[in-house]
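Chains A and B, in that order, give the protein sequences. Sequence positions in the first sequence follow the UniProt record's numbering and run 1 to 235. Sequence positions in the second sequence follow the UniProt record's numbering and run 1 to 140.
Simulated from the structure, these hints should not be mistaken for laboratory data. Note that beta-carbon positions come from the ideal geometry of N, C-alpha and C, so glycine has one too. Be a bit skeptical, because a hint or two may be false.
To be verified - To give an idea of the interface, some chain A residues facing chain B are shown, with a C-beta separation under 7 Å as derived from the structure:
(1) L38
(2) V39
(3) D40
(4) K42
(5) V43
(6) R46
(7) S124
(8) P146
(9) K148
(10) S150
Stated by the list, open to error - Every beta carbon over 12 Å from chain A, so not counted as near; a handful from chain B, in silico:
(11) D21
(12) A49
(13) S72
(14) I95
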Amino acid sequence: MARNGGVAWMRTTDKIDGYDLSTSDTEEVHVLAVDDSLVDRKVIERLLRISSCKVTAVDSGRRALQYLGLDEEIQKKETNGFDGLKVDLIITDYCMPGMTGYELLKKVKESSAFREIPVVIMSSENVIARIDRCLEEGAEDFIVKPVKLSDVKRIIDYTTTELREGEQREGARAKRRGINKRKQREGDDDLSSSPPSTLSSSTSSPSSSIQSATAPSSPSTLDSPTRRLKMTSSE
Amino acid sequence: FFCWEKGFLDAQFLQLQQLQDESNPDFVVEVVSLFFDDSEKLLNDLTMALDQPNVDFKKVDAHVHQLKGSSSSIGAQRVKNACIAFRSFCEEQNIDATLRCLQQVKQEYYLVKNKLETMLRLEQQIVAAGGSIPMIELGF
Numbered sequence: 001m002a003r004n005g006g007v008a009w010m011r012t013t014d015k016i017d018g019y020d021l022s023t024s025d026t027e028e029v030h031v032l033a034v035d036d037s038l039v040d041r042k043v044i045e046r047l048l049r050i051s052s053c054k055v056t057a058v059d060s061g062r063r064a065l066q067y068l069g070l071d072e073e074i075q076k077k078e079t080n081g082f083d084g085l086k087v088d089l090i091i092t093d094y095c096m097p098g099m100t101g102y103e104l105l106k107k108v109k110e111s112s113a114f115r116e117i118p119v120v121i122m123s124s125e126n127v128i129a130r131i132d133r134c135l136e137e138g139a140e141d142f143i144v145k146p147v148k149l150s151d152v153k154r155i156i157d158y159t160t161t162e163l164r165e166g167e168q169r170e171g172a173r174a175k176r177r178g179i180n181k182r183k184q185r186e187g188d189d190d191l192s193s194s195p196p197s198t199l200s201s202s203t204s205s206p207s208s209s210i211q212s213a214t215a216p217s218s219p220s221t222l223d224s225p226t227r228r229l230k231m232t233s234s235e
Numbered sequence: 001f002f003c004w005e006k007g008f009l010d011a012q013f014l015q016l017q018q019l020q021d022e023s024n025p026d027f028v029v030e031v032v033s034l035f036f037d038d039s040e041k042l043l044n045d046l047t048m049a050l051d052q053p054n055v056d057f058k059k060v061d062a063h064v065h066q067l068k069g070s071s072s073s074i075g076a077q078r079v080k081n082a083c084i085a086f087r088s089f090c091e092e093q094n095i096d097a098t099l100r101c102l103q104q105v106k107q108e109y110y111l112v113k114n115k116l117e118t119m120l121r122l123e124q125q126i127v128a129a130g131g132s133i134p135m136i137e138l139g140f
């Protein structure tokens, strides 16, 4: 199937490939993706693979814990994962039946073996209180759905850098980020708990992952709650 | 394609198309098929749930939330928006309004399904005939 006329596609793929080649000079990042939605699992899996990651996708928090070997009911050695593959990053949906992403986050952060694994939360709802709660519990980042390639790339970039630098400061950093982020939020207006998105996405720019009514005060630099966090962490 | 002009599909769908390449030539078709299966099951569940003598609005809301999520991930904007309205009536526990919403969601779903199927079929035909699919540059 030769799609030689689709120049834009080829260019995009080349760009992605080029990017991947430059970031995956170390070993591949292994991501554990958790989402109860089949559609979302398929999409996140593809987004991660295109970003040169190894992916293990599961459909519940329970299964995620089982995979890590943290499920109390299943006796597993506390080694790095079911099949010996070390997990470098966990990316999980927030709203899931049974165990929520938040509960999964807590369990991971409570475990001595796995608390250093960065956990990213995804949610279709851009609720400040929820974001705060997750960050305070130690989440690395918070992505508003639908997830885009730029979101994934940013996370992977960040994770790869973290892996290289070592994770000693992670606990302190997460706490600090929570405080800094709250301070930053106080400076922003229009950030009271927002209802689910009603904005027509045809008016949003491709780089923006905001789908809700929260308006950033400086649109050019802060176009997503997660990007705000990234800036805070570098302060 | 007409889909974008009438708001049936938003930028997220474009994002999915960008994830398709020669190593994954059927990605969009696969995701869209999953979406169809998932949605039809949810619509059935919703129909049944709203047909009960004592409607469990929490359950209804949970189903709508799921449908909103998957339609958002696919870029089915009108379905997603119909779900948002639906959820607000679930909160109010308004039977009549939620039944109307269900009809609205079904309508939007079948519309976008039709458009997607037509578009994907067209693409397959073009490619089979040795042509190529231009990537639409949209001024989002």
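Evaluation of the provided hints:
no. : hint : verdict
1   : L38  : 5 Å, holds
2   : V39  : 4 Å, holds
3   : D40  : 5 Å, holds
4   : K42  : 5 Å, holds
5   : V43  : 5 Å, holds
6   : R46  : 5 Å, holds
7   : S124 : 5 Å, holds
8   : P146 : 5 Å, holds
9   : K148 : 5 Å, holds
10  : S150 : 9 Å, violated
11  : D21  : 5 Å, violated
12  : A49  : 15 Å, holds
13  : S72  : 5 Å, violated
14  : I95  : 22 Å, holds
Violated hints for the displayed structure, listed by number in ascending order: 10, 11 and 13.
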